[in-house]
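One-letter residues, chain by chain:
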Amino acid sequence: MSEEVLEIVMKKDVKFNEPVAVEGFPDVGLAGAIASMHLIESLGLEEIAYIETPLLPPIMVVHNGELLHPIRVYGNERLIVFTSEIALPLTVLNPLVKKVVEWLKSLNAKLLIALTGIPVENRLEIERPEVYAVVSKKEYSEMLSKHKIEVLQEGFISGIYALFLKECLKAGLPAIALVAQSFLKYPDPGAAAELLTSLNSILSLNVDVKPLLENAEEIRLKARDLLRQTERVAPGAYRNVEGELPLMYR
Amino acid sequence: MAMGFPEDFDSLWDHIEGCMEPLVEVRETYDAFEIYVDLPYVKGESVEVRFSEDALLVMAKCSRAIKFDRWGFAQKRTEYKYFRKVIKLPHKIDPKRATSSFKKGVLKIRVPKL
Chain A
1182 MSEEVLEIVM KKDVKFNEPV AVEGFPDVGL AGAIASMHLI ESLGLEEIAY IETPLLPPIM
1242 VVHNGELLHP IRVYGNERLI VFTSEIALPL TVLNPLVKKV VEWLKSLNAK LLIALTGIPV
1302 ENRLEIERPE VYAVVSKKEY SEMLSKHKIE VLQEGFISGI YALFLKECLK AGLPAIALVA
1362 QSFLKYPDPG AAAELLTSLN SILSLNVDVK PLLENAEEIR LKARDLLRQT ERVAPGAYRN
1422 VEGELPLMYR
Chain B
5 MAMGFPEDFD SLWDHIEGCM EPLVEVRETY DAFEIYVDLP YVKGESVEVR FSEDALLVMA
65 KCSRAIKFDR WGFAQKRTEY KYFRKVIKLP HKIDPKRATS SFKKGVLKIR VPKL
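Chain order of the listed sequences is A and B. Plus 1181 on top of the position in the first sequence (first one is 1) and you've got my numbering. Plus 4 on top of the position in the second sequence (first one is 1) and you've got my numbering.
These are calculated hints, taken from the structure and not from any lab test. A virtual CB, placed ideally from N, CA and C, is assigned to each residue, including glycine. Treat the hints loosely; a few may be bogus.
What the hints assert, rightly or not - Here are the simulated lysine to any residue pairs, SDA-like style, with alpha carbons at most 25 angstroms apart: (1) B/Lys-65 to A/Leu-1394; (2) B/Lys-112 to A/Val-1301; (3) B/Lys-112 to A/Val-1242; (4) A/Lys-1403 to B/Lys-117; (5) B/Lys-117 to A/Asn-1303; (6) B/Lys-108 to A/Pro-1392; (7) B/Lys-112 to A/Ile-1307; (8) B/Lys-71 to A/Asn-1303; (9) B/Lys-80 to A/Ile-1307; (10) A/Lys-1280 to B/Ala-78; (11) A/Lys-1403 to B/Leu-61; (12) B/Lys-65 to A/Val-1301; (13) A/Lys-1391 to B/Lys-71; (14) A/Lys-1403 to B/Ala-78; (15) B/Lys-112 to A/Val-1332.
Stated by the list, open to error - To give a feel for the contact side, a few chain B residues facing chain A, derived at Cβ under 10 angstroms: (16) Leu-16; (17) Ile-20; (18) Glu-29; (19) Arg-31; (20) Tyr-34; (21) Phe-37; (22) Tyr-40.
As the list claims (entries may be wrong) - Just so you have them, the derived chain A footprint on chain B, three or more residues with Cβ under 8 angstroms: (23) 41-49; (24) 106-116.
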């Protein structure tokens, strides 16, 4: 299907000023999705746009009596946050990522940060999940070391954040993925909290992550359906490659 | 049908019974299964596990009734009070040697294969 069938529809007229974009689309443990939704709520960001495409199932969302599209864009002139309340089928990922990166380039965005999780078997034993980074260009590693975030040196990456890094590399848009140790099969507010702690450091934000930890049970309960949908439409199997060793390891 | 237990239905929410299906992860080793069950709002002492020769039934009562006053049409009238899940396994198991623990709202059951 053609990529042109996917568009970003503006709801507000925003005068962007070299914005930083954050994507938290549903993926492993929903760490990025939970983090992005908490980011939006904490900063009181307004919905500025939504994604319109026939590639998605016929689903709309109702919040506070208002009809909304499931994939939405929140933000202001300096910060843009992408989030989705439905799982993204594999067929949507490529056109979505391409369109988002193309749009961000047209806005003269200066950085994209992808938020996601990496499943670890012993997550139950880990009190504070570690956050790693993957960068679209080696030069960004130095900036991350200042924030004490370890950058992946060798390995495979897969999933929507891998696509974002690929498209950003092609488009010349600096991109970083923050990857938190996470549960695979359950929503992980603890991993989301660590992602936001790293994001706070990088972007000099002051998002309070305590509500994520204090309300972890409620979040786990509410996020169950999205996690199950995500597993069904984009099976976790393709993330297994991340545990494999690349041939050209040196 | 899992031996002796009625099958779960597809939704995570049973709006009639006020019952929720928990998310489950099953890991298989060469001699055992490790089953992880996500049980928010549950205390360890409220969990009950029953075994058949190749399945488990996990039941857990929530520490409080859960209600979503603005959600949906039928759902907003429902109080969700417990979790229930039948977990079918691909081999026969030995329930006598099963062990379990409960941490951070996650039930872990290890049950050897027969």
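Hint-by-hint comparison with the structure:
{"no.": "1", "hint": "B/Lys-65 to A/Leu-1394", "verdict": "22 angstroms, holds"}
{"no.": "2", "hint": "B/Lys-112 to A/Val-1301", "verdict": "16 angstroms, holds"}
{"no.": "3", "hint": "B/Lys-112 to A/Val-1242", "verdict": "35 angstroms, violated"}
{"no.": "4", "hint": "A/Lys-1403 to B/Lys-117", "verdict": "34 angstroms, violated"}
{"no.": "5", "hint": "B/Lys-117 to A/Asn-1303", "verdict": "22 angstroms, holds"}
{"no.": "6", "hint": "B/Lys-108 to A/Pro-1392", "verdict": "17 angstroms, holds"}
{"no.": "7", "hint": "B/Lys-112 to A/Ile-1307", "verdict": "15 angstroms, holds"}
{"no.": "8", "hint": "B/Lys-71 to A/Asn-1303", "verdict": "32 angstroms, violated"}
{"no.": "9", "hint": "B/Lys-80 to A/Ile-1307", "verdict": "36 angstroms, violated"}
{"no.": "10", "hint": "A/Lys-1280 to B/Ala-78", "verdict": "38 angstroms, violated"}
{"no.": "11", "hint": "A/Lys-1403 to B/Leu-61", "verdict": "23 angstroms, holds"}
{"no.": "12", "hint": "B/Lys-65 to A/Val-1301", "verdict": "28 angstroms, violated"}
{"no.": "13", "hint": "A/Lys-1391 to B/Lys-71", "verdict": "23 angstroms, holds"}
{"no.": "14", "hint": "A/Lys-1403 to B/Ala-78", "verdict": "17 angstroms, holds"}
{"no.": "15", "hint": "B/Lys-112 to A/Val-1332", "verdict": "32 angstroms, violated"}
{"no.": "16", "hint": "Leu-16", "verdict": "5 angstroms, holds"}
{"no.": "17", "hint": "Ile-20", "verdict": "18 angstroms, violated"}
{"no.": "18", "hint": "Glu-29", "verdict": "4 angstroms, holds"}
{"no.": "19", "hint": "Arg-31", "verdict": "8 angstroms, holds"}
{"no.": "20", "hint": "Tyr-34", "verdict": "16 angstroms, violated"}
{"no.": "21", "hint": "Phe-37", "verdict": "14 angstroms, violated"}
{"no.": "22", "hint": "Tyr-40", "verdict": "7 angstroms, holds"}
{"no.": "23", "hint": "41-49", "verdict": "holds (count 3)"}
{"no.": "24", "hint": "106-116", "verdict": "holds (count 5)"}
Hints 3, 4, 8, 9, 10, 12, 15, 17, 20 and 21 from the list above are not met by this structure, while the remaining hints are.
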